[in-house]
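Engineer: What follows is the residue order along each chain.
Protein chains: 2
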Amino acid sequence: MSTVKDIADRLGLSVSTVQKALSGSDSVSAEVRQSVLDTALKLGYSPRQRKKSGPSSRICVFIENMGFEKIEHFGYEIIVGFRLAAAERNYGVDIVPISMDQKIEHVYEEYMNKNGYDGGFLLGFFLHSDFHCQLKNTMIPTVVLDNLILNPCVACVGIDNYQGITMAVEHLSSLGHCSIALMNGESNSRVSLERYQGFKVGMNKCNLPIRKDLVAFGDFTSENTGPYVNQFVENGATAIVCASDYIAAGVLNELSRLDIRVPHDISVTGFDDIQIARYSTPPLTTIRQDRLSIGKSACLALEQIMEGMAISRLLLTPELIVRKSTGPVR
Amino acid sequence: MSTVKDIADRLGLSVSTVQKALSGSDSVSAEVRQSVLDTALKLGYSPRQRKKSGPSSRICVFIENMGFEKIEHFGYEIIVGFRLAAAERNYGVDIVPISMDQKIEHVYEEYMNKNGYDGGFLLGFFLHSDFHCQLKNTMIPTVVLDNLILNPCVACVGIDNYQGITMAVEHLSSLGHCSIALMNGESNSRVSLERYQGFKVGMNKCNLPIRKDLVAFGDFTSENTGPYVNQFVENGATAIVCASDYIAAGVLNELSRLDIRVPHDISVTGFDDIQIARYSTPPLTTIRQDRLSIGKSACLALEQIMEGMAISRLLLTPELIVRKSTGPVR
Numbered sequence: 000m001s002t003v004k005d006i007a008d009r010l011g012l013s014v015s016t017v018q019k020a021l022s023g024s025d026s027v028s029a030e031v032r033q034s035v036l037d038t039a040l041k042l043g044y045s046p047r048q049r050k051k052s053g054p055s056s057r058i059c060v061f062i063e064n065m066g067f068e069k070i071e072h073f074g075y076e077i078i079v080g081f082r083l084a085a086a087e088r089n090y091g092v093d094i095v096p097i098s099m100d101q102k103i104e105h106v107y108e109e110y111m112n113k114n115g116y117d118g119g120f121l122l123g124f125f126l127h128s129d130f131h132c133q134l135k136n137t138m139i140p141t142v143v144l145d146n147l148i149l150n151p152c153v154a155c156v157g158i159d160n161y162q163g164i165t166m167a168v169e170h171l172s173s174l175g176h177c178s179i180a181l182m183n184g185e186s187n188s189r190v191s192l193e194r195y196q197g198f199k200v201g202m203n204k205c206n207l208p209i210r211k212d213l214v215a216f217g218d219f220t221s222e223n224t225g226p227y228v229n230q231f232v233e234n235g236a237t238a239i240v241c242a243s244d245y246i247a248a249g250v251l252n253e254l255s256r257l258d259i260r261v262p263h264d265i266s267v268t269g270f271d272d273i274q275i276a277r278y279s280t281p282p283l284t285t286i287r288q289d290r291l292s293i294g295k296s297a298c299l300a301l302e303q304i305m306e307g308m309a310i311s312r313l314l315l316t317p318e319l320i321v322r323k324s325t326g327p328v329r
Numbered sequence: 000m001s002t003v004k005d006i007a008d009r010l011g012l013s014v015s016t017v018q019k020a021l022s023g024s025d026s027v028s029a030e031v032r033q034s035v036l037d038t039a040l041k042l043g044y045s046p047r048q049r050k051k052s053g054p055s056s057r058i059c060v061f062i063e064n065m066g067f068e069k070i071e072h073f074g075y076e077i078i079v080g081f082r083l084a085a086a087e088r089n090y091g092v093d094i095v096p097i098s099m100d101q102k103i104e105h106v107y108e109e110y111m112n113k114n115g116y117d118g119g120f121l122l123g124f125f126l127h128s129d130f131h132c133q134l135k136n137t138m139i140p141t142v143v144l145d146n147l148i149l150n151p152c153v154a155c156v157g158i159d160n161y162q163g164i165t166m167a168v169e170h171l172s173s174l175g176h177c178s179i180a181l182m183n184g185e186s187n188s189r190v191s192l193e194r195y196q197g198f199k200v201g202m203n204k205c206n207l208p209i210r211k212d213l214v215a216f217g218d219f220t221s222e223n224t225g226p227y228v229n230q231f232v233e234n235g236a237t238a239i240v241c242a243s244d245y246i247a248a249g250v251l252n253e254l255s256r257l258d259i260r261v262p263h264d265i266s267v268t269g270f271d272d273i274q275i276a277r278y279s280t281p282p283l284t285t286i287r288q289d290r291l292s293i294g295k296s297a298c299l300a301l302e303q304i305m306e307g308m309a310i311s312r313l314l315l316t317p318e319l320i321v322r323k324s325t326g327p328v329r
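Chains as they are written, first to last, in numbering that gives the first Met the number 0: chain A, 0 to 329; chain B, 0 to 329.
Since the hints were derived computationally from the structure, they do not count as laboratory data.
Worth double-checking, as some hints may not be accurate.
[Stated by the list, open to error] DSSO-like, lysine-lysine: derived pairs with alpha carbons at most 27 Å apart:
1) B:K199 to B:K211
2) B:K199 to A:K204
3) A:K204 to B:K135
4) A:K323 to B:K323
5) A:K199 to B:K135
6) B:K323 to A:K19
7) B:K211 to A:K199
8) A:K211 to B:K211
9) B:K204 to A:K199
[Stated by the list, open to error] Example chain A residues on the side facing chain B (calculated, C-beta under 7 Å, incomplete):
10) A29
11) V79
12) D159
13) Q162
14) S292
15) R312
16) L315
Backbone N, C-alpha and C fix where the C-beta goes; we use that ideal spot for every residue, glycine too.
Produce the entire structure from the sequences given, and follow the hints as far as they go.
Structural biologist: Here it is, written out as structure tokens:
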């Protein structure tokens with residue numbers, strides 16, 4: 000493998016000029032830049048990288064102290080996937096559970112530097128504004144789950160929410176449903192907004208109208224779906240797309256309370272494919288997030304950031320899992 | 000590194016059960032799955048992957064025959080980046096220029112299989128519906144630039160358009176601009192829609208109103224901006240965010256024809272940072288796409304798909320390049 004110096008020697012340029020050309024700096028003319036790139040190819044140059052990653056790298060995984068159930072159902076497999084991928088790269092990984100009342104968000108950079116971490120993976124839903132602002136300015140290579148932060152050192156990983164809901168809508172449309180409702184999570188959540196976008200795109204793809212009276216923003220729990228479900232039923236919905244399996248569980252309960260049969264009268268889809276989806280009544284058609292792969296992709300993204308690639312988002316393709324809660328429109 | 004069999008032996012399970020557990024199959028109970036994952040961690044198991052990638056891998060890069068200028072200004076560096084990353088992985092790479100009139104889109108899968116390619120990288124803007132539909136169903140690991148396709152074998156790479164326009168809006172807002180216009184590309188282009196989304200998010204972040212009379216969808220050339228620029232000026236715009244450097248070049252020409260000074264009277268931003276941005280009058284403040292990194296990320300994404308990770312999107316963080324076409328609001 001040749002080096003920057005080989006290219007410089009071949010072209011009679013200074014090493015710094017070649018480096019500027021390879022980094023796309025304005026201070027090098029387009030012609031010089033192109034001859035440098037041509038020569039890099041001829042010589043089979045391999046980019047010199049800020050090799051901060053490697054066996055010596057130490058990664059800190061922060062996971063919100065969200066209680067056993069949520070850890071088991073969501074965070075656990077992501078961490079396993081991350082650790083499996085980290086093991087392949089001989090990274091050292093520490094798992095640090097934190098809770099909202101701990102004020103780690105005031106000392107992220109300091110904490111990482113003091114403890115000699117080369118990178119961080121932040122898992123959980125604790126990105127309130129103060130922490131968000133710190134991440135926007137950190138120089139520590141960092142990966143966050145489901146949160147977009149405008150910083151070349153910070154990448155977002157997760158499932159492609161947009162595609163996931165589109166899949167659910169296309170599945171229901173293929174079963175003949177036209178009056179499809181969306182029971183979404185909090186309106187101030189990025190995940191909710193991306194799932195709403197996916198809903199609109201899916202409905203447009205299927206040439207179905209988006210009816211305001213069939214779209215609701217609630218929260219990601221199963222507790223508060225009652226009024227919305229009643230409204231959807233009154234307005235003639237034949238299918239309800241839910242933004243999470245927890246929401247879908249609440250919707251199934253409410254429909255059963257109203258003696259509405261699923262899927263005979265109304266079809267329901269979830270999102271996430273956590274354990275309850277498999278064991279609900281009826282078993283839930285849902286959008287699977289492959290959590291092992293999300294964890295692996297987080298480690299891959301972190302490796303790339305540590306090596307100088309400014310990854311903004313690395314999103315995985317979700318999978319439609321068809322069970323018993325969806326059927327042909329009555 | 001231990002194997003699936005080691006885990007099976009340790010737990011007294013069949014290899015297929017362990018494989019099902021690792022792949023998240025429904026047919027394994029959550030308890031068994033968890034014990035498998037725990038043991039995988041204890042034994043430092045490294046996931047067995049469909050090792051289709053490696054020195055033997057042959058990749059075909061299709062680039063639309065878009066003529067020298069566009070190749071030089073956009074496609075060329077992406078291909079260089081791709082080839083540099085492919086060289087590190089010892090992939091064989093063939094570059095195949097195709098033009099719209101060639102009907103390759105009818106035979107993609109056949110072409111790739113017949114020629115023994117393990118993966119494809121599609122570069123250019125030739126994804127009309129027929130080809131799009133083929134890619135939706137292909138089994139060939141494929142990466143496309145700036146086009147989202149719902150298929151676990153196909154990943155989209157590119158810049159984060161959404162973040163790019165948000166950066167431009169925040170830059171103009173920090174200069175005191177409130178009446179910011181958007182001169183966008185074709186309304187049926189995914190890139191245009193993402194840039195429009197980014198515009199809305201940026202304006203909201205800066206607490207600025209989005210005025211319909213200051214948003215226009217045209218095309219990505221410099222030819223047809225005249226009427227829109229006049230409309231923006233009449234409606235009191237103090238800054239114009241353009242969805243490409245070509246569009247911005249047209250806007251600069253039109254403003255100069257109207258004797259409107261940039262940036263004194265109106266600020267203008269571009270997108271892409273192609274060569275003309277540096278040499279326009281005045282030099283253009285724009286959003287840089289690091290095309291070498293886009294090429295490298297395309298190779299990285301292709302490698303991951305060949306190894307079984309269903310990447311949907313791998314997007315890079317854009318960079319704001321401040322030159323002379325933006326200044327404080329008058």
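Engineer: For each hint given before, does the structure comply? Return the numbers of the non-compliant ones in rising order.
Structural biologist: Result: hint 4 breaks, nothing else.
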